[in-house]
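Grab the two chains, each in its own frame, and use the hints to assemble them into the complex.
The primary structure of each chain is shown beneath.
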Amino acid sequence: MTDWIALAAARKLDIPPDDIAKITPILDALEEAFRPLVRELPRAYAEWE
Amino acid sequence: MTIEETAAKLRSRKVSAVELAKESLSRIREQQPRLNAFITITEEVALEQARRADDELGRGIDRGPLHGIPYALKDLFETRGIRTTAGSKIFADYVPETDCAVYRKLSQAGAVLMGKTGMHELAYGITNENSHYGAVRNPRDPSRISGGSSGGSAAAVAGDMVFFAMGTDTGGSIRIPAAFCGCVGLKPTFARVDRTGVIPLSSSMDHVGPFTRTVRDAELVMQAISDYVPDRGRSITGCRIGVPANMFQDRLSPTVSTAFERALGQAAKLGAQFVPVTLPDPEALNTIARIILLSEASAFLEPWLTRRAEFGVDVLALLEQGRLVSATDYVNAQRLRRLYKNRWRSVWKHADVVFTPTVAFEPPPIGQVDAEVRLSATRLVRPFNALGLPAVSIPLNTNSFPVGLQIVGRRLGESGILDVAEALEAWSQQ
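So the protein sequences, as listed, match chains Y and X.
What the first sequence shows, in the working numbering, is residues 1 to 49, in sequence order.
What the second sequence shows, in the working numbering, is residues 50 to 479, in sequence order.
None of these hints come from the bench; they were simulated from the model.
Beta carbons are placed, not taken as given, at the ideal position from N, Cα and C, and that holds for glycine.
Keep in mind that the hints are not guaranteed to be accurate.
To be verified - Pairwise CB distance ranges, derived in the manner of DEER restraints:
| id | chain 1 | residue 1 | chain 2 | residue 2 | range |
| --- | --- | --- | --- | --- | --- |
| 1 | X | Arg60 | Y | Leu13 | 57 to 65 Å |
| 2 | Y | Ala9 | X | Tyr143 | 47 to 55 Å |
| 3 | Y | Pro17 | X | Arg423 | 23 to 31 Å |
| 4 | Y | Ile26 | X | Gly109 | 13 to 21 Å |
| 5 | Y | Pro36 | X | Ala317 | 49 to 57 Å |
| 6 | X | Pro279 | Y | Ile26 | 39 to 47 Å |
| 7 | Y | Pro25 | X | Arg387 | 23 to 31 Å |
Just chain X, with the same shape it has in the complex (with noise of 0.2 Å):
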């Protein structure tokens, strides 16, 4: 069901915000112990929303579309009397006094918080194979991983156990474990969102978003945590999507291929012109978002890194990795960054959208994922940390795992590439 069902039904008294709290919390206990999705599971806070939303809706109070429909927020949102981990042992205490900015908007909208979700520690990777909470598992196979590294909330809204959750993403956080689960995975543009109140990773790359079922939830996520005002309706006739003739289709895994090459011919059937577009050095692009991501992390982290025996062996090699990276390094990737911004706007003058796939290959079982699996994992997403444009990634049904399609839109452009995405959504689930 999605949220706008879900909503009409709640107004109907066809169930109650209370109902959707305890159906959700039976949900998430069931599966708990087979996905790790969650962190902490909040029921008391779930029940006590809920009552309010319905006790509002009873009243004739309504909030919007959200009002009484069950979330979650990745282990980074800072929540006032709730442990917020960022996945990790340094702040397994941690007890925010105050909310952010995304929990104050979601109260605000009248949805009902489940709990916190499981992350990669720090929000530092792709695998969430957490050492201190546990992997979080793909609920499609749970010996593979979820991705990350807001693997929990992915596999909260794929699991089905609640209607949409937060994320976050520095380097295809979001999108990557979208792709890998099969739910949709929204980055927006960057700061679109206010990060207000999230533990950072990278503070001029992490963007926060949605996972949602269908492209749909994620406009109305939008619109309730953000200015997202929707400009839609725009048809995929006509529509010129870019399709990069550079590095993004290179070493895909035949499913991706395959699934990547359907959508393309999905789309061109619907109307939708196709331009080969050259995209500014992607591979330059993640080499910069490296030094960068690298730098800041270090930067924001380095008061705790005196507690080395507290962090996973993966994150404490990417920390002491941003230690030895240089200021000026820094300063010129940024320098460069400003650059391959500017290169970029070339890329709109012929195409509204830009497709590619969202990571080149299906999750990889728990336990079995290299460095080398880990940079390429991010290859096809990290470039648009990098340039701040908004992204989506909806999922294409295949004979195995789900393949993430990858949607890139112009700055500010939401609205426009969720009218693609949602124009072959039926499609894809197919």
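Looking at chain Y on its own, in the form it has when it is part of the complex (with noise of 0.2 Å):
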């Protein structure tokens, strides 16, 4: 799972470590949802022409 309060203090976001605790149930279900998706994108480059 990603670690949000590391990657907030990466990016240098403003984003108090609490209210990170709060949503991350949300992100790591919105990435958990959103993963597999990405592999069903073709690696063909014909989506760009």
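Shown next as structure tokens:
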């Protein structure tokens, strides 16, 4: 799972760690749902044409 | 009374635009303490526009069916000289210097602006529980939410304060309050209505559309605000209605389930042909749409994020989520969206329209909506924001709350969904 607090710190986002802790379950669930979908994307470049 | 009936009375001098405006103002003032549907009531503007409408009709200048008709705008449509808050503290004192395209078109059509309606803060939520301006309450039961984010517009129409009202829909924000309050709510095809001068939430998914009492009224408003030209008159007999085999009938409340089944039965009686369709993964589309919404909303509102204390807790949490979505995920979400749009094309080989319930449950009590309820309220509507397809919600009467029937059509297929909606309308009000 992504360490959202570390990610925010690395990007210098001014989000309090307590706030991030509250939204972590939502972000984790969204990432878990989204990651498999990305694998559906075609590797071919045809979509850009 | 419908817009058409009222327009006829205006032209036969049985009523004047000023009388209509005064009646509307009186109804708004009477209902405001109970429902809180408005953020700003534009009495002076309304009476001035109404006097002009009467004067023009008296001189034989007729601007069409909306001439002299009272209406309201969600408080994110920019109006020159009239405060436009977007339901937020951030924009609490924002007075635009220009009019949005929709207000310009409605003014050209002679419609009379009664005020700016309450909304979920920044259009970012479906409850209309607003920590800055108070909750908009449901006209059917003020202890319950109106739905949002265009809840004030839905309440103003369902509460008989105005004949029509404008809203925006990024993840169901027209259709959800229409279903909860019991009126017609139309989300047209993406970009069919000009969004210039509408404070954005998600630039690639915001849609502008009307709330009305009847399907025909929605069509009249669409003609005034867009390039929509009616191509109506198709019979529901033989119409191929796609009924999703997946997701859209899961986890429905008994009231919603029964109402939906009754609507299917009525459509069958009228000669519609049902086609079971398996829709390209709607849950996936919901996920894709959420990634896009989170990213675009946070990108737009980033300049104000230094003023954290001025956002409601729920909105701030969403904006923080959006800042943590990567650019790579946003781009991939847009690529996936294109992929799913292509997959959806096959649906229209088998069906002319698709039926779903609008929301899976009745409006919850104010103060009792958690994150799970918020997400499940958008479950059946959000996919069509990602796809940009037109969808109308019409009310189905039940023994308790009205329930929304969502009718979805192909791109630019507003006439098709309005034909089917109108065929069911008289029955649905019984």
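To see whether the hints hold, each was checked on the structure:
no.: 1; hint: X/Arg60 - Y/Leu13: 57 to 65 Å; result: holds, 59 Å
no.: 2; hint: Y/Ala9 - X/Tyr143: 47 to 55 Å; result: violated, 33 Å
no.: 3; hint: Y/Pro17 - X/Arg423: 23 to 31 Å; result: holds, 24 Å
no.: 4; hint: Y/Ile26 - X/Gly109: 13 to 21 Å; result: violated, 60 Å
no.: 5; hint: Y/Pro36 - X/Ala317: 49 to 57 Å; result: violated, 38 Å
no.: 6; hint: X/Pro279 - Y/Ile26: 39 to 47 Å; result: holds, 43 Å
no.: 7; hint: Y/Pro25 - X/Arg387: 23 to 31 Å; result: holds, 30 Å
Hint violations for this structure: numbers 2, 4, 5, all remaining hints satisfied.
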